[in-house]
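Using the sequences and the hints, build the whole thing.
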Amino acid sequence: MSQQRDLSDYVLDLSSTLLDAAQTIEQNHSRCAIVVTGEKVVGIITEGDLLRGLLQGSTIYADIKNFVRHDFKFLKNRDEAEALDLFKTHGFTLVPVLDEDFRLIDVIPISDILEKVRLA
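Counting from 1 along the sequence shown, just add 1006 to a position and that's the residue number in my numbering.
Since the hints were made in silico from the structure, they are not lab data.
Treat the hints with caution; some may be incorrect.
Said to hold, decoys possible - Capping the alpha-carbon separation at 20 angstroms, the derived lysine to aspartate or glutamate pairs in DMTMM-like fashion look like this: (1) Lys-1082 with Glu-1053; (2) Lys-1046 with Asp-1118; (3) Lys-1082 with Asp-1112; (4) Lys-1082 with Asp-1026; (5) Lys-1079 with Asp-1107; (6) Lys-1122 with Glu-1088.
Right under this line is the structure:
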């Protein structure tokens, strides 16, 4: 599944706005987006982070940099069993897979796991 996935659907630049983040999250259906600077992943922003920003008085044109979570979980390889554990333990809907230089090499959305269960 993941080999055909366009990772750009999940990625935002750190200079993006809350509106950009909302559009990316709406498009990828994962309730979050992966934030990068250049090719390096620097964090994640979730629907909840967007709502908190708006409730704190930010506009939809505010930079996401103040709302990005820099302490985030990721995997070093596509291990769906480990991803499932993160989904169950932390309530995540998406786990990024990063290389040793923190570049995004894949994502594991919860929908991948649910699809495998449905087909089993």
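Do the hints match the structure? See the list:
For a cut-off of 20 angstroms, the pair hint linking Lys-1082 to Glu-1053 is broken: about 25 angstroms separates their Cα positions. Restraint check: the Cα-Cα separation between Lys-1046 and Asp-1118 comes to about 24 angstroms, which exceeds 20 angstroms; the hinted pair is violated. Taking the CA atoms of Lys-1082 and Asp-1112, the gap is about 10 angstroms. The hint holds against a cut of 20 angstroms. Proposed proximity of Lys-1082 and Asp-1026 is contradicted: the alpha carbons are some 27 angstroms apart, above 20 angstroms.
Pair hint Lys-1079 plus Asp-1107 holds up; C-alpha atoms about 15 angstroms apart against a cutoff of 20 angstroms. With a C-alpha separation of about 15 angstroms, the suggested pairing of Lys-1122 with Glu-1088 holds against the 20 angstroms cut-off.
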